[in-house]
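In terms of the working numbering, the sequence shown is numbered consecutively and its last residue is 558.
Worth double-checking, as some hints may not be accurate.
What the hints assert, rightly or not - Using C-beta positions, here's what the derived DEER-type ranges look like:
| hint | residue 1 | residue 2 | range |
| --- | --- | --- | --- |
| 1 | 357 | 552 | 29 to 39 angstroms |
| 2 | 225 | 177 | 50 to 60 angstroms |
| 3 | 231 | 412 | 40 to 50 angstroms |
| 4 | 178 | 202 | 52 to 62 angstroms |
Source of the hints: derived by calculation from the structure; they are not laboratory data. Note that the structure is predicted; figures quoted are calculated from it, not measured. Note that beta-carbon positions come from the ideal geometry of N, C-alpha and C, so glycine has one too.
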Amino acid sequence: MKRSLLHGVRRGYALLIPFVAISAAAFASACQGCKLPATAAVSADADVDANANANKPTVRLYVLSTVAGALEPCGCTKDQLGGIDHLAALIEAQRGEAPDRLVVGAGPMLFTDPEVKPERSSQDAWKAEAMALAAKDIGLTAWAPGENDWALGAEALGKYQEQSGAVLLGKNLEGAKGVQGVVVRDVSGVKVGLIGVSDPKGRAGAYPDGVKAGPAIDAMKAGVEEAKKQGASVFVGLAALPRGEALRLADNVPELHVLVLGKPSERGDGNDGPKPPEIIGSTLVVETPNHLQSVAVVDLFVRGGGSGPLVFADAGGVAKAGELISLSERIRELEIRLNGWEGDKRVAAKDVEARKADLEKLRAEKAQLEAAETKVTGSFFRYSSVEVREKLGADKDVAGQLLAYYKRVNDHNKQAFADRVPEKPAKGEASYIGIDACTNCHDEERKVFDGTAHARAYATLQQDFKEFNLDCVSCHVTGYGKPGGSTVTHNASLQNVQCEECHGPGSLHAKDPEKKGLIVLSAPPQSCVTQCHHPPHVEGFDPVAKMQLILGPGHGRD
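All chains should be built: construct the whole structure from the sequences, respecting the hints.
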């Protein structure tokens, strides 16, 4: 209990009293008992304008947490967060302003889940390969792996690691083939030590075959000492651990300048919200939202040449991170609302324009806050978080790799599942008949359907070579995986989101149209949410409002 209270006090103190107030001399005095080595030092007499455009960072860190196989977002909402091609475009665009950089990560990188279903083994293996190749293009230096990374075994992980060009770091792991503990990189004449720890334990408490995990704190301490022997003066920890355990590393290893957090394991495609950075003691702790929703950018500026431990003051980002996250959330809520109003003629134009004005006001407020100047003395860091969005552009090489992956999967699945037919319905149960059969009696409703986005759902897959992709097809056909319905390859009459997706299989209704109870006459709006229109595919989906977009004369309206 005492330790928890002390930890909370330290964290609160760090947030309430900005780290910029801690001078190098004060830190060196306070940490005499820490026995830190004398390395490249802070200048005590240089007053630095932290926002001077002429200053390029000594090293820029691009930080990723719990990517978990998220190549790109999936869904029908505009400009969703994520996309490794967009991240690659961002890094390339910033090459001039930060030529010396390291890309680091913590937590699962390659797979969405720790287990791969047999039917998905080829697709998921190729997806992991696409992620590894994209990681090489963005310059991934190292990551601390999570449980998911061993989903196809140690040999497969070794292959992906080699393809990525990155180093797997797990100083506390025993028996983890190909995993190192420490790597030191020379950046701008400053040696940066990267030390990783991980606890890739499954729900049942089992580790990947042959892998054991020792105490993370002891391993991180040993890793820092090893990095020092190799001449490192900047220390970055990568921790794929439960958050509480990971934060204790900052308490116990004060030499760390930056600590990157990621989950030890991840399941499902749900998106996490952002977490603000923290300063614990003198360590900047960073964790980004999962699935590449954003990337943290940490610029380290080494100034001066005295003696003593290297210390970085906060020249902007941490003290205002909470406020920036709040603004980002409000901006995203407005963007989602405006996306939701698209095509809804019931929303007055003046209301749309008013919300757009509110959105621009919030964006300007956020930009002003991000640009606020902070003056510090000596070495310093700047922290920022960048949402990964379409506006960043798409790196040509990475986009090409993604396209190659989708084509490869499409060609394979078309053949591999050619014989997969839907299960037959039980005796007396209805099966799916397709919209053409429905049109025989419901011509007016068909005309309404043809004017909706649902009528073009399958074409959106075909144009991107995704119609046989197991991650995509279920929400673009009718009756997927249901008795008498469709499969990934057998769906010719059930392509697109047709009538029966909402009203249920119609074979019995077609035979006896006057009999009640054979069809769902008025589908509840929430049925859309339970099947496809839910996070992370769609954020802030309003089923009641969206239902109006698929209604028309003879179909819900007189």
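Going down the list of hints, with the structure as the test:
1. In this structure the hint that residue 357 and residue 552 lie 29 to 39 angstroms apart at CB holds, the actual value being about 32 angstroms.
2. A beta carbon spacing of about 24 angstroms between residue 225 and residue 177 contradicts the range 50 to 60 angstroms that was offered as a hint.
3. Distance hint for residue 231 and residue 412: a CB-CB separation of about 48 angstroms, consistent with the stated range 40 to 50 angstroms.
4. In this structure, residue 178 and residue 202 break the distance hint of 52 to 62 angstroms, their C-beta atoms being roughly 20 angstroms apart.
Of the hints listed earlier, those the structure fails to meet are numbers 2 and 4, in rising order.
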